[in-house]
Structures are given as structure tokens and as C-alpha cells.
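Got chain A; can you put chain B on it based on the hints?
There are 2 protein chains.
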Amino acid sequence: MDVIRLGLGGFGTVGSGLAKILDMNRERIAKRLGKRIEIASVLVRDLNKQRAFDLGSDVTFTDDPKALVNDDIDIVVELMGGLDTARDLILDAFAAGKHVVTANKHLLAEHGLELFEAAGKHNVGLMFEASCAGGIPIVQTLKESLAGDEIVKLLGIMNGTANYILSEMTTKGMDFEVALADAQDLGYAEADPTFDIEGFDTAHKLCVLIRMAYGVDYPLADIPIQGITGVTPMDIEFAREFGYRIKLLAHVMNVDGRLEAGVHPALVPYTYLLARVGGNYNAVRLEGNAVGPIMLHGQGAGDLPTGSAVLADIMNLVRGMECRDRVPDNTGFCNQPLPKADILPPEESESKYYFRFTVADRTGVMATITKSMAEHGVSIAQAVQKGEAGEEGVPLVIISHETSAKAADAMIEEMDAMDFSVKPCVKFRIL
Amino acid sequence: MDVIRLGLGGFGTVGSGLAKILDMNRERIAKRLGKRIEIASVLVRDLNKQRAFDLGSDVTFTDDPKALVNDDIDIVVELMGGLDTARDLILDAFAAGKHVVTANKHLLAEHGLELFEAAGKHNVGLMFEASCAGGIPIVQTLKESLAGDEIVKLLGIMNGTANYILSEMTTKGMDFEVALADAQDLGYAEADPTFDIEGFDTAHKLCVLIRMAYGVDYPLADIPIQGITGVTPMDIEFAREFGYRIKLLAHVMNVDGRLEAGVHPALVPYTYLLARVGGNYNAVRLEGNAVGPIMLHGQGAGDLPTGSAVLADIMNLVRGMECRDRVPDNTGFCNQPLPKADILPPEESESKYYFRFTVADRTGVMATITKSMAEHGVSIAQAVQKGEAGEEGVPLVIISHETSAKAADAMIEEMDAMDFSVKPCVKFRIL
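For the protein sequence lines, the chains are A and B, in the order given.
For the first sequence, the numbering used here assigns the number -2 to the initial residue and increments by one for each residue that follows.
For the second sequence, the numbering used here assigns the number -2 to the initial residue and increments by one for each residue that follows.
The set of hints was computed from the structure by calculation and includes no laboratory data.
The reader is advised that the hints may include incorrect statements.
Below, in silico cross-link-like pairs of lysine to aspartate or glutamate (DMTMM-like), each with a Cα-Cα straight-line distance of 20 Å or less [stated by the list, open to error]:
hint, chain 1, residue 1, chain 2, residue 2
1, A, LYS337, B, GLU24
2, B, LYS150, A, GLU24
3, B, LYS337, A, GLU24
Derived list of chain B stretches under chain A, where covered just means 3 residues or more per stretch with a C-beta under 8 Å from a C-beta of chain A [stated by the list, open to error]:
hint, stretch
4, 286 to 296
5, 299 to 308
Glycine included, each C-beta is placed from N, C-alpha and C at the ideal position.
Excised from the complex, chain A in its bound form:
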């Protein structure tokens, strides 16, 4: 039986996950492809480090990126993460005519266009299902299953760490710091959780999915990003009373031909399936102008789920390999390079909002705030004031109707400057 030989760049969680699956599902894979898939060489930083999974003696380990891309390899699998070394490895692989599978969302977000162009130039495949939402087949779904749909809107819970922390805060009333520490103890959060909790990781994935959904490039730098560090148990409790759960959402939608995108903690009506995505699960909700609403739910991280996505890409490449005269369809769109997106300026985006003011318990405060809202055209849907007055002031929560980000921010700036404002106003979008 033919053998497809892989060169692995990196052998951490996902790499050893892939190795485990290749081992335990060997028969299944052969039935699918009529070929065997083997790991031939592995690029690691430290040759002496103990491995989570024993690859046996036939596998060559090297710490030289150049050495990984050799004639012996059919497909290069980049699982090392980071930017520069990974980028060089992939470009070298392309130059050598190798197909590449990567799970590197950060690299794709930063240098995706360059990589697509290089892959096209060398007529090789660049696959990256594992880069977004782990085992959830969202890339494939956008590229092929919804190929004929105009994507009206895409909403995603795509960071398991952030979702786990918010779920713990919601179910156990924990403070953010406590939930984060727990997540770190359980290995759900890294020592430096910045990318996860500040929303950057989610933004990287959104950037990748926007290309697959719309065939345009929405520069990472242009995506407004708000993390979850500002979410308090108090906000979660208020949200609950109004019938919402707070989730870290990535969103992109077509607003009269222009794209509006962002990553924000958002209040999701508890009746929505998205509100029920718990723990370290991920979900993506799509709306196509033909297919209507679709939701995909699954594990967004972990060695086996992510390894499964990497393997799916490898098998897709193998299926296409007999086909020499076919240009790999890496982006799912023919007009290359992908044009820049026509972007709706974030300040023009419209949304319902949750505002939490922290004010001194004084007569006329509510009047001043509601007057300012009226002046800025921010229309009030619900309002509630609660709790004892004290040094920290009292929380005053207002749910608005649809309003522009610009109007909301102008109003907040005005109110934060008031002497009755004990703390800056907290603002979250409402789905």
C-alpha cells in the first residue's frame, strides 16, 4: 500500500494528538484512502526533551527547519505555532513543492495573504481546518458546503478558555481572577493567558473565517477587540435577570454590502443555543441567504479534536494528489489575491447595549444619565438600580435599543466625566 510521509513541524499537544489518531485509526484511514499515512520526520526545539507520545525508531527527529523539508516528505504539517519560524518553514515547504497543513491561526491572521499567494505560485495546497474552533469543521463548511451561499452573518464562541472562565463565573458566581486561576490549574488556560482572555486568539480565528466566508481580507488590525477581563459576577447576575448569558463572541455580518466585524463579550438571550455552549466547548452560528441559520458545536481545543481536524486536511490533500493538473483551491475563491474588505467603520456599527454605570447614590443622577442618553439618541429599553450605596457607589444598569457605537461612546464619555461617576461605565453588546 502507498505511504504518505509527513514532516511534522512541532510535536506538542496537537502533534502528539495527531500521532495518537494515526496510530489508533490506522485501519480506518487506509479504508478511506487506500494509502497509509506515516510521520517520517519531526522538527523540535530540543532534541533531548521527553515526548508525550513515542513515535518509534523509524521517525527522524531534527532541530533544523531546513532539514524537515526534504525529498522524503509528501506533506509538511506545521504545528509549532508562533510567527517567524513557522512562516519560513511553510514558505520553504511551498518552494519545495510540498503541500502544507497548519493549525496556526495567528500566522494565518498576520500573514495569510502572503501564504495563499506563495501556495498558489507553487501550485500546492495550504489547509488549515484546525486553525479555527478545533474539531468543528467550520473552514470546510464555509469553503465547500456553503460555497453557494451569501453569508449574512457569522457568530462564534471560539475560545474554550474564555468560555470556560465565563461559564464558571456564571454557574459558580466566581470572580474572574479565581476562575482564571482554576482554568490554569486544569490546564485549560496557559501561564500567559493574554491571547485567550483578551480576545486576540478569537480575533485571529475570525480573521481567517472572514476570508473563507466572504473571499476578502479584513485586516486583523482593523478588528475591534474587547476581552473578558472587564466582566464581573455583577454583570453576569444583571444579565441573568434580564434573560441573558454573557459570552465572548466573534461576529461578522454583511451590512448593506460592507462588513462589520468584532470580538466582544456579549449578552446572548438564554433561549439561544449559543447561550448554552458551556465549559470549554466552541460553537459557530452561521446564517446563509439560502441555507438559513446553521450551528456547529464541538470541542474547540485538545490534542485529539484538533488532531482530527489536522488529519482531515491531510486526507483531503491526499485525495487530491493524483490530480496533477488541478490548482488547489486554498481559499475557496478564484479571484486572487483576495481583495481588501469594504469595512463598516466600527463607530457606525449598530447594536443594543448593556451599560453599567457606577454612581454616587444622589438625587438626580438617573435624570442626568437618561437626559444625556436622550440627547445622544440612545433609547432606553430597561433600567435597574440596585444595591447599597457606599464608597464604591451603586450600580445603575441600562439596556438600550439599537444604537450606534459612536453615540454610545460619546454618551459614556460625557457621563464618566460627571462627578457622580465613581467608576467608568461598563459597556457590552447585546445579541
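Here is chain B on its own, set in the frame of chain A:
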């Protein structure tokens, strides 16, 4: 720009849905493929019938199946339903070297192996995403995204009509007949709803998905099928009290290397996402040994959602067309023809059960039933007796632990023969 010309077999709901999408998403499709897709000819029963969608004057209408498969056509799209004419049309298309897209789950379930073989012989594609769960990309997901996973278990709510009826019965406490009549008025159920409410349509889809998930043939005739006509508001109410919703579920799982499959109304814990699939929506929950649990949720029927799936298949075929030397991978497995499944005899299948006995309100009845259960090794988890005694007797509901279908049925047979049994015992599986 190149043009791909379609020959449509049938122009009903899905056909006109496809035509609408080709029209409204023309630009998007061209961006994806660098080609245009046009409907060239349409096969209809009655040439004089008014059409839901005007295709314009360039489209040829014919009532002769032989005439549809002509040199002018690149892809034949079979949307006529039924068995014999559809089967002949597809075989003629293959013989003429045309790729085929079909939404015909019944035909695939009955004659799928023959069609796969014929397509392979003529080296053409047979695509059928639209045959299962409408717009939900479940076929593609099994064929490509989970290609490297062993499917541990698959659960599906795959008939919108049955799910709509059960949802109405659940939310409005309606009787089955009333809910069915409503569904028919709304066009959710056909004049003859047999296929939908008796579970046959769901079984056809399950039969197709088993092939894609396991690469084996599980003959339709071997799938145990129980429809929803026996579900009463009383059962739904009891189920609710125990924390369950009743859904018509298709299931298949790998039990120590043998497949257990079936279509049954089942009690689903209300905390499961599957329990929240409402109205005419569909959902499929998969468990892969690598990817873990995944759920896909969306619209399982309707002109546009199903048309979207048909279009995805067409576009996939077009993407592969440049590739002359590649054998289309229609089943996702190489060992053709698909071998017969190693089937677990249904009577050996294990499940928790919901039993509703209708008994005369007499001393010792409960004792007799529980004694018989003990003798048959059916262990009781919960029991409740309710309501006024009367001509109709009183309902006695028992929830069992895991037990074999054989033991459960033997116990029921024994109890139904008792003089205190006013009506036969009702039995549903519990998820």
C-alpha cells in the same frame, strides 16, 4: 467565462429553490468557481403546468427522461423523487459520462450500492448532500471532515415534520392528530404523511449516513423503525416530569465492532442540546473517537436550504472537473463495493426504557409488574402511578435501567396478557 450546464430532473420545491439561488447568488458563485452555472434543460411530468419560478426562455423543458441526458448537459440533477424513473435517469446519466447530484434519500437507501457501483464504473461523481437533513452539511462532514475518525455514535433528528408535530404536542399539549392536521395546513406535512410520521423517511437518511460514517451497507430492511403515531400528550407529560423531551431519533452506534441502528421516538434529557431542537429544525449529533462530540443544527427541509446543499454538491463537482485522471470519491471509502455491516441483532440492543402500562386500579398490580420485571432482569429506576381509575384504567409509568430489548419485550408480552392490562404497554427508548 465558462458555463456549466445543468439538466434538472424535476422542478418542484427543491428545483425552484436551486433556480432561485443560482439567480440571487450568481456573482458569488462565479467568484468561487470562475465559472457560471446555468440550468439548460428541465425534465417535468406535465409540460403545461405553471412553474413556481420562471427560468426564462433559454431553458428547454421536456417530459422525456432520455432527452434530458444530452451532450449539451454537464451535470444531471435528480430532484424528482420516487424510485424507478429517478433510478433510470441516473443510470442513463452515468452511462453518458455525466456527473449526478441527487436529493433522493429513498432511492439511495434502496439502490445506493447499485448507483455507487455504476458511478464508479463510468468514473463519474454521485453527490447527495441534500438527501440528508437538508441544509446541514452532514454528508460532507462524515466524508471529509471526520474522515480520520472512528464514529462511535450518531444521533439524528432528521425529519422536520415529525419534529414539528412532537414540538407542537409538547408546547401546546395537542393530540397527535390535531398537531398533524396543523402541520398539513402549514405545508409542513404532506397529504400522505406516512413516510414522515412512521419514521421511514428518517430511516432512509440513516441508511445513507451509516454508509458515509462506517463504509458499510446496513440494509434498510434491517433497520428497526418505530414512528411517532403512538406518542400521546400523556407520554410527553410524564417524560417532562422525569426531565425528558420526546424526539424521533435515528441512531447508529458501534457496539464492540457490531453496528446497532434504529429509528425510534426516544426520551432525551432536557439538558441536551438535542432536546432543544424545535419546530421543523434538524440536528445531528456525532461522536468520533478523536474529535469527540459534535452537533450540527439547521433547517432540514425547504426550497432554499435544500437547494443550498444541492448547489454545494454541484460546485464540488465543478471544482473536481479539471481533474480527468482522478476517480471521484463518492462514498469516501476505497473498498468498493461497500461490504455488508456486521449487525447487532436488535433484540440484543441495550437501552434504558420508558414503559407506560394501562392497568385496572386493583391491589397487587404494581407488585405483579415489578415482580415480572425482576424475573426478566429489567431493573427499575423510577416508577409513578397517576390519575383517576376508570373504564380506560390508570397509567403506570416505569423508567428502567439499561436492559436488553429482548428482556423488555418478553416482560411486556407477559404483562399485556394479564387481565389487569386495559391497553398494551407503550415502550420508548431513553437516551
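A quick look at each hint next to the structure:
1. This hinted pair checks out: LYS337 of chain A and GLU24 of chain B have alpha carbons roughly 17 Å apart, not beyond 20 Å.
2. Pair hint LYS150 of chain B plus GLU24 of chain A holds up; C-alpha atoms about 18 Å apart against a cutoff of 20 Å.
3. Between LYS337 of chain B and GLU24 of chain A, the direct Cα distance comes to roughly 17 Å. Compliance with the 20 Å bound is thereby established for this hinted pair.
4. As drawn, the stretch 286 to 296 of chain B meets chain A at 11 residues by the rule of a beta-carbon pair under 8 Å; at three or more, the given contact holds.
5. Against chain A, the stretch 299 to 308 of chain B contributes 7 residues with a C-beta closer than 8 Å to a partner C-beta. That satisfies the three-residue criterion, and the hint holds.
In summary, this structure violates none of the numbered hints.
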